[in-house]
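Chemist: These are the residues of each chain, in order.
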Amino acid sequence: MSSRFHKWLTGDYDVMEKVYDIAEARDMTREQMKKKNKEAKEKLDRRREVQRAAQARTRGFYHIYIGIAIVSCITLVGVLLFCIANLPRYGVENPRTVEVVKRYVEKGLEETGAVNVVAGLILDYRAFDTLGESHVLFTALVCVMVLLRLDQKNMTSRDEDYYLITSDKYYRINQDPIIRTVCFVLLPGILIFGIYILLNGQNGPGGGFSGGTVMGTALIIFAEAFGWKTVDKFFSKKRLMIITFISLGFYAFAKGYVFFTGSNHMENIIPKGTPGAILSGGLILPLDIAVGMVVACTMFGFYSLFMRGTIGGND
Amino acid sequence: MISTLLINYEEAVAIILFGIGFTMLLFHRNLVKKLIGMNIMDTGTFLFLASMGYINGRKAPIIVNGVQSTEAYINPVPAGLVLTGIVVSVSVTAIMLSLTIRLYKRYHTLNLDDIYEMSKSEMEDR
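Protein chains in written order, with numbering that gives the first Met the number 0: chain L, 0 to 314; chain V, 0 to 125.
Derived from the structure by calculation, the hints contain no laboratory data. One or more of the hints may lead you astray.
[As the list claims (entries may be wrong)] No more than 27 Å apart at the CA atoms, straight line, and that leaves these computed lysine-lysine pairs for DSSO-like:
#1 V/K119 <-> V/K104
#2 L/K34 <-> L/K6
#3 V/K58 <-> L/K106
#4 L/K35 <-> V/K104
#5 L/K106 <-> L/K271
#6 L/K40 <-> V/K58
#7 L/K42 <-> L/K6
#8 L/K6 <-> L/K106
#9 L/K37 <-> L/K6
#10 L/K34 <-> V/K104
#11 V/K119 <-> L/K42
#12 V/K119 <-> L/K6
#13 V/K104 <-> L/K236
#14 L/K40 <-> L/K6
#15 V/K33 <-> L/K101
#16 V/K104 <-> L/K33
#17 V/K119 <-> V/K33
#18 L/K6 <-> V/K58
#19 V/K32 <-> V/K119
#20 V/K119 <-> V/K58
#21 L/K6 <-> V/K32
#22 V/K32 <-> L/K37
#23 L/K271 <-> V/K58
#24 V/K104 <-> L/K6
#25 L/K35 <-> L/K6
#26 L/K37 <-> V/K104
[Unchecked claim] Part of the chain V face toward chain L, derived, beta carbon under 7 Å:
#27 I54
#28 Y72
#29 P75
#30 M95
Fair warning: this is a prediction, and the values are worked out from it, not measured in the lab. Yeah, the Cβ is synthetic: ideal placement off N, Cα and C, and Gly gets one too.
This is chain V alone, in the form it adopts within the complex (with noise of 0.2 Å):
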């Protein structure tokens, strides 16, 4: 397993930024961190399809000099894809960051917890 995991790196790297974005989003309690993993996932999610769509030696998809074999080009679909990717991840990162910044506003803090005990009191007080 370890030599396929060598041979298919870029890969394995994309995997292992999308394990450390996951975890970032469990372990930290910091609401501006969890953004963060969630941007870190993203970005093992482009790498993951932009290396699957790779082939060694060849160019980009634009047609020059009229070449227009399968050979001489990498895989197209997966550039489009990620165009998608990246817009979702910048309208959530921008939702979210919005949604932190109302919490902010109202309990001067970004630690997850302390937010729920905050509004778990204001409940019983109501």
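Just chain L, same shape as in the assembly (with noise of 0.2 Å):
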């Protein structure tokens, strides 16, 4: 396995090539297939020789281009070394930058109700920034979509090989009892420990990244251990376009209601809560809970788009 993928990375092995040939086999006697494969080798010869007279032809121009790359790396290393043997000492609190942390550190829990610093700076100081990151995630989401989404309209035949092989087939084949068993037993575990993280985002170290990427991970397990078809009849792409939308939409439409009445928190109409409580922090809790959802959201579509190239299912 490892020399394999060793191969591809080094471009001697195709890894398409072999799943179009599975494609192509079906209808096609012994002698075709030798055929063939003489033609696509023959191809490939080709191919090299095309490859290794243009190498020859760039030789000179690949030499100095090394030449350039060595000295722009080794000065860039340079200066930032330079640089850093004339930063404050590492470990030793430096006077420029106390400034805000102090307002941060010993005016944080009573402004924002947050006993975790980092999640009031992050979802009360600075919302709109993560506002801003959960927006990056979403079109991340959107453009691996748009490049690798597999429709009716799109869709070849070697892609649709592909994509039974990456769904249906693939499962039938590794339908394990051991891995099914062990997720059995530790998906509830999974599911929860992330929802704990999404929930006391305010009260210790974790939020809405770290437990929205936990549960989006429990979600892509769920999927591989008991098939694609059960995770397409509750998690289709319509409905996760609705789930990421409410929660952009909820986050940006409170957090600019707070910022447009409570600014500089002169009066802010949702309680703080008793610090150290699930429900506390004000407005953290439920913005923390929709980052959650736009991530898990996002990391089950990533997986869903490499793995077989749709979300939910044909659509």
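Please assemble the complex out of the two chains, which come individually in their own frames, going by the hints.
Modeler: Next comes the structure, spelled out in structure tokens:
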């Protein structure tokens, strides 16, 4: 397996070629198959020759390029190391950065109601930054969907076969009782751990991003162990889009409302609660949940798109 | 300079990681290796930010027992910045991997020079 991966990385082995061979071998005799393989080999040899000729043509340029690259790499690392040598000592407080930190640490608990100063920082003082991050994730999901999604319109017969191998046939071949049993035992724990991280973002290490990632991972493991069809029943592309849209819209609306009504924390209509309880920190908990939903959907969407080119089966 | 670098060793290691990633980006023709190099660059940036916020002998900025003085906790600002960096890194990696997959599906190779040559010959054929 590792050697095959290495071959693929160095360009000697083509994963897709084998898949295509399976697709076309159904209605083909042995002789035809042999002829086709020979043709493919000749084509590959011709391609290699073209590549070698191109390499020979660009060799002079390549030497210059290597020289410039070495010089620029060494210069960059040298300049940066020189800057590091003039930075303040590692592990000692830098007085110039203390002013902002003082406000966050000393007033953070009263102003945001969060025991975890970092959660208060990213979801209250700098909440619009986190809104932007969620939108970056969502935009990345949409880009990957544009690039990799296969539907009835753009799916060729080769893609269809590849798609089938990674969904149905693949599942039937790999139906392993050990994996299913282990996942059956572990999955509730993983999901509850994700929810715990998500809900305790204001009281300890954690929050929307980490909790959402754990929940997305639980969904991925579920799909791998019990088949994609089971997940497709309750998690379609439309539902993913609705969940993401509601989360992002709620985040923007809630934070915008608080920003315009309770700016500078003059009078906030949302109660802060007792510090340390789950229902504390004002808006931080709902915003954490919204971010967690977006992250979980994005992680599952990435995996599903990379694995089989669709979210939620044929649509 | 060497002695100050030894004191600031964590930042120095971060810069060396950044340099390794940058070198990989420039020297490898394989798209997947370029991506790995970019991820190493990201790691160097995160290590640099985290080490800039660290202060010896202090704890993570989670308020315990009502202690609310700056002398008890490390700098919380770099933690928020690293979070932003990780999210952007994940998104960029996903988009670049999907672009690599599209290129591989069309040209059956990961070598950037070969892809460039083939696309050029395709343009000439047209």
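Chemist: Could you run down the list of hints and mark each one as holding or not?
Modeler: Now for the hints, and whether the structure bears them out:
Distance restraint check for V/K119 and V/K104: the Cα-Cα separation of roughly 17 Å lies within the 27 Å cut-off, and the hinted pair is therefore satisfied. Taking the CA atoms of L/K34 and L/K6, the gap is near 25 Å; set against the 27 Å cutoff, the hint holds. Only pairs whose Cα atoms come within 27 Å are accepted, and V/K58 paired with L/K106 is accepted, the gap being roughly 18 Å. Distance hint between L/K35 and V/K104 is fulfilled; the C-alpha atoms sit about 20 Å from each other, no more than 27 Å.
Simply put, L/K106 and L/K271 have alpha-carbon atoms about 14 Å apart, close enough for the 27 Å limit, and the pair holds. For the proposed pair L/K40 and V/K58, the alpha carbon gap of about 63 Å is over 27 Å, so the pair is violated. Proposed proximity of L/K42 and L/K6 is supported: the alpha carbons are some 19 Å apart, at most 27 Å. A C-alpha spacing of about 58 Å is found between L/K6 and L/K106, which places the hinted pair above 27 Å, so the restraint is violated.
Between the alpha carbons of L/K37 and L/K6 the distance comes to roughly 21 Å, so the proposed pair stays at or under 27 Å and holds. A hinted pair counts as satisfied when its Cα atoms are at most 27 Å apart, and L/K34 with V/K104 qualifies at roughly 23 Å. Between the alpha carbons of V/K119 and L/K42 the distance comes to roughly 18 Å, so the proposed pair stays at or under 27 Å and holds. Between V/K119 and L/K6 the alpha-carbon distance is near 26 Å, which keeps this suggested pair within the 27 Å criterion.
Of the supplied pair hints, the one linking V/K104 and L/K236 holds, its CA atoms being roughly 24 Å apart against a limit of 27 Å. Between the alpha carbons of L/K40 and L/K6 the distance comes to roughly 17 Å, so the proposed pair stays at or under 27 Å and holds. At roughly 41 Å between alpha-carbon atoms, V/K33 and L/K101 are farther apart than 27 Å, so this suggested pair is violated. Distance restraint check for V/K104 and L/K33: the Cα-Cα separation of roughly 24 Å lies within the 27 Å cut-off, and the hinted pair is therefore satisfied.
Proposed proximity of V/K119 and V/K33 is supported: the alpha carbons are some 22 Å apart, at most 27 Å. Annotation: proposed proximity of L/K6 to V/K58 is violated, straight-line Cα distance about 47 Å (limit 27 Å). Between V/K32 and V/K119, the direct Cα distance comes to roughly 23 Å. Compliance with the 27 Å bound is thereby established for this hinted pair. Of the supplied pair hints, the one linking V/K119 and V/K58 is violated, its CA atoms being roughly 57 Å apart against a limit of 27 Å.
The hinted pair formed by L/K6 and V/K32 meets the criterion: a straight-line CA distance of about 14 Å does not exceed 27 Å. About 31 Å separates the Cα atoms of V/K32 and L/K37, which puts this hinted pair outside 27 Å; it is violated. In summary, the hint linking L/K271 to V/K58 is supported, as the alpha carbons are separated by about 25 Å, within the 27 Å threshold. For the hint pairing V/K104 with L/K6, the CA-to-CA distance comes to about 17 Å; that is within 27 Å, so the pair holds.
With a C-alpha separation of about 23 Å, the suggested pair L/K35 and L/K6 falls inside the 27 Å cut-off, and the hint holds. For the proposed pair L/K37 and V/K104, the alpha carbon gap of about 21 Å is at most 27 Å, so the pair holds. Below 7 Å, beta-carbon pairs count as interface contacts, and V/I54 has one with chain L at about 5 Å; its hint therefore holds. Interface restraint check for V/Y72: the shortest CB-CB distance to chain L comes to about 6 Å, inside 7 Å, so the restraint holds.
Interface restraint check for V/P75: the shortest CB-CB distance to chain L comes to about 5 Å, inside 7 Å, so the restraint holds. Evaluation of the V/M95 hint against chain L yields a violated restraint, the C-beta minimum of about 10 Å exceeding 7 Å.
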